[in-house]
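J.: Dock chain B against chain W, hints included.
The listed protein sequences correspond, in order, to chains W and B. Everything in the first sequence is counted per the working numbering, starting at 101 for the first residue and increasing by one. Everything in the second sequence is counted per the working numbering, starting at 71 for the first residue and increasing by one.
Derived by calculation from the structure, the hints in this document are not laboratory data. Backbone N, C-alpha and C fix where the C-beta goes; we use that ideal spot for every residue, glycine too.
Facing chain B, a subset of chain W residues (Cβ under 7 angstroms, in silico): (1) Thr203; (2) Ala204; (3) Met208; (4) Gly256; (5) Arg339; (6) Ser378.
Sample of chain W residues facing chain B (criterion: CB under 7 angstroms; computed from the structure): (7) Val207; (8) Lys210; (9) Ser211; (10) Ile238; (11) Met239; (12) Pro240; (13) Glu261; (14) Glu310; (15) Gly313.
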Amino acid sequence: MSILVGDHTRLVVQGITGSEGSYHTAQMVEYGTRVVAGVTPGKGGQTDANGIPIFHTVAQAKAETGANTSVIFVPPAFAGDAIMEAVSAELDLVVCITEGIPTADMVMVKSVLDGSGARLIGPNCPGIITPGQCKIGIMPGFIHQPGKVGVISRSGTLTYEAVFQLSNLGLGQSTGIGIGGDPIIGSTFLDLLILFAEDEGTEAIVLIGEIGGSAEEEAAAWITETGMTKPVVAFIAGRTAPPGRRMGHAGAIVSGGQGTAESKMEALQAAGIHVCQSPADIGESVLKALG
Amino acid sequence: MKIHEYQGKAIFAEFGVPVPEGYPAFTVDEAVAAAKKIGGKVVVKAQIHAGGRGKGGGVKLADGPEQVKELAGQILGMQLVTHQTGPAGKEVQRLLIEKASNIDRELYAGIVLDRSRGRYVMMVSTEGGMEIEKVAAETPEKIIKEWILPGSELLPYQLRRLAYALGLEGDQVKQGLRTLQALWQAFAAKDCSLMEVNPLVVTSEGDVIALDAKLNFDDNALFRHPELQELRDLSEEDPHEVEAAKFNLNYIKLDGNVGCMVNGAGLAMGTMDIIKLHGGEPANFLDVGGVANAETVSNGFRIILDDPNVQAVLINIFGGIVRADRIAEGIISAMQQVEVKVPVVVRMEGTNAEQARQMLDDSPLKFIVAHSLGDAAQKAVMATKGGAA
Numbered sequence: 101m102s103i104l105v106g107d108h109t110r111l112v113v114q115g116i117t118g119s120e121g122s123y124h125t126a127q128m129v130e131y132g133t134r135v136v137a138g139v140t141p142g143k144g145g146q147t148d149a150n151g152i153p154i155f156h157t158v159a160q161a162k163a164e165t166g167a168n169t170s171v172i173f174v175p176p177a178f179a180g181d182a183i184m185e186a187v188s189a190e191l192d193l194v195v196c197i198t199e200g201i202p203t204a205d206m207v208m209v210k211s212v213l214d215g216s217g218a219r220l221i222g223p224n225c226p227g228i229i230t231p232g233q234c235k236i237g238i239m240p241g242f243i244h245q246p247g248k249v250g251v252i253s254r255s256g257t258l259t260y261e262a263v264f265q266l267s268n269l270g271l272g273q274s275t276g277i278g279i280g281g282d283p284i285i286g287s288t289f290l291d292l293l294i295l296f297a298e299d300e301g302t303e304a305i306v307l308i309g310e311i312g313g314s315a316e317e318e319a320a321a322w323i324t325e326t327g328m329t330k331p332v333v334a335f336i337a338g339r340t341a342p343p344g345r346r347m348g349h350a351g352a353i354v355s356g357g358q359g360t361a362e363s364k365m366e367a368l369q370a371a372g373i374h375v376c377q378s379p380a381d382i383g384e385s386v387l388k389a390l391g
Numbered sequence: 071m072k073i074h075e076y077q078g079k080a081i082f083a084e085f086g087v088p089v090p091e092g093y094p095a096f097t098v099d100e101a102v103a104a105a106k107k108i109g110g111k112v113v114v115k116a117q118i119h120a121g122g123r124g125k126g127g128g129v130k131l132a133d134g135p136e137q138v139k140e141l142a143g144q145i146l147g148m149q150l151v152t153h154q155t156g157p158a159g160k161e162v163q164r165l166l167i168e169k170a171s172n173i174d175r176e177l178y179a180g181i182v183l184d185r186s187r188g189r190y191v192m193m194v195s196t197e198g199g200m201e202i203e204k205v206a207a208e209t210p211e212k213i214i215k216e217w218i219l220p221g222s223e224l225l226p227y228q229l230r231r232l233a234y235a236l237g238l239e240g241d242q243v244k245q246g247l248r249t250l251q252a253l254w255q256a257f258a259a260k261d262c263s264l265m266e267v268n269p270l271v272v273t274s275e276g277d278v279i280a281l282d283a284k285l286n287f288d289d290n291a292l293f294r295h296p297e298l299q300e301l302r303d304l305s306e307e308d309p310h311e312v313e314a315a316k317f318n319l320n321y322i323k324l325d326g327n328v329g330c331m332v333n334g335a336g337l338a339m340g341t342m343d344i345i346k347l348h349g350g351e352p353a354n355f356l357d358v359g360g361v362a363n364a365e366t367v368s369n370g371f372r373i374i375l376d377d378p379n380v381q382a383v384l385i386n387i388f389g390g391i392v393r394a395d396r397i398a399e400g401i402i403s404a405m406q407q408v409e410v411k412v413p414v415v416v417r418m419e420g421t422n423a424e425q426a427r428q429m430l431d432d433s434p435l436k437f438i439v440a441h442s443l444g445d446a447a448q449k450a451v452m453a454t455k456g457g458a459a
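Pulled out of the complex, with its shape left as it was, chain W reads as follows (with noise of 0.2 angstroms):
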């Protein structure tokens, strides 16, 4: 079992024919990912190195295909119009790989994606992965193996950092999910808690933070308030941050004593989750907390 992608995808390429997306395609086919289609506009008609179909819009790709899912690697410029379109176009989930949209752009796209039935993944992450089904990104498809923890993080490495630990250690992955480091994302941490409290495939659950905002509180009430009982193993990055600076994505950013790691890590063991002092310890929490 899986949350939001698995062996029912039909992915749909955005920017398929830049030098990103043909790389990471080729990629996520060798994986056994099902790419039915790309978007490049103007090329349309085509078919790229893998024999994919091209389409001028994801309108078509989809009437054409059947595409239920979109994955972005639009330049930044246009990422935030590519996630609108493929929202308009009624795709249940995009994924945006794209990093350095500007805020303003996201905050009409996240508008846009409220009044609607698609989710978003990202943008600045590395993608979603169900190991051994599905990659959709720009993971390292080798270190993930099926299995039934979950993992939510807010970072692309530190992510393949935590996966690599739990895959050493035989503790397989039900869905893994980077949800990007902007301050303006389309899933929280709360969002994919939820799902992942709900798929019976998944046994427990790996939260990584990151300073800034405070996604990770909401994460810690809501498990308080609903008494979830899944162990959660959490790690938050950033305690040696210096206040006021921008630790290379964007929404890592501490102001006015806000969004502090220390605030976090209270926070997530007041409801019960275990924290790692350490990013090299989460794979052993996680092995401790399944018993």
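T.: Chain B only, in chain W's frame:
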């Protein structure tokens, strides 16, 4: 990106936000000339990218050109220390000479992103001149907020609510409505990430004017604002950070002694954290990014080693899109070009990590190879203490 107050006020003026007459000055002579042009009482204001300038002695009132000469001489070149500059302070290289205002009331207006709602919010308060974080913590009811509809301006009722909450009366109300909308228009047009006017004042003459202007811009949107690039004052930024940015490296200098080179922002923060946990202090944050190659890595290495505090370097690479063997190539070429006197601990995993480790083994250079994240941090911290790892 940040800019100076006088640059922010020029943007305000462009959008119709009333500001006092004022001119930037880089020398004492320019300051005196500005004071003569304005006439009467003026304020001499140090221009640095930090708040709290008044308390630090960087803002002074002058009766006329004679006194401006004296004060400008004192402030220009001083190391101005405020609660935002750190103990070393910042050297004042520019002044703003501005017409003094007769202040009746000090108010606050600001615009930020409300992350949880995904909307921009305008906040106003009658408690101007104070730190707004303090007002928010102690008397949150004194901050009035209106969230801006995406793609829209502030609606008339929102403006009225804000203006009346500020206690504006008579003709001030009209001025207030215009000014608040103009602030939002400037914010939106310039892709700001933060805007604060503290204080926004009502003068004894009954005018509403912006006495301060703090504007930060969304770095992700700078590509569509070439005009803002010209406002950048590189002397306000750390030279190493400026150098790093040229190579698309994300570098932030810190005070410790373990230099870090990591791919990915989250892992970079995690690596800093684990160094601290093992009793060390990170010397920097450095994310080599998703498109790192031999050249960027080599430049990153040079920048890390330029910091005299660095006593060991920890390289932590988890290959994803970035292939570990390419990073290894960069490390080897960098260490052949730059003389490296400190121990270098390398930990590599992920895509092509095996080839990468082999390349490091085969090179004539000396590395301390680590086998996990925890092991890497421990070895790097030991190395700074002169311990054989």
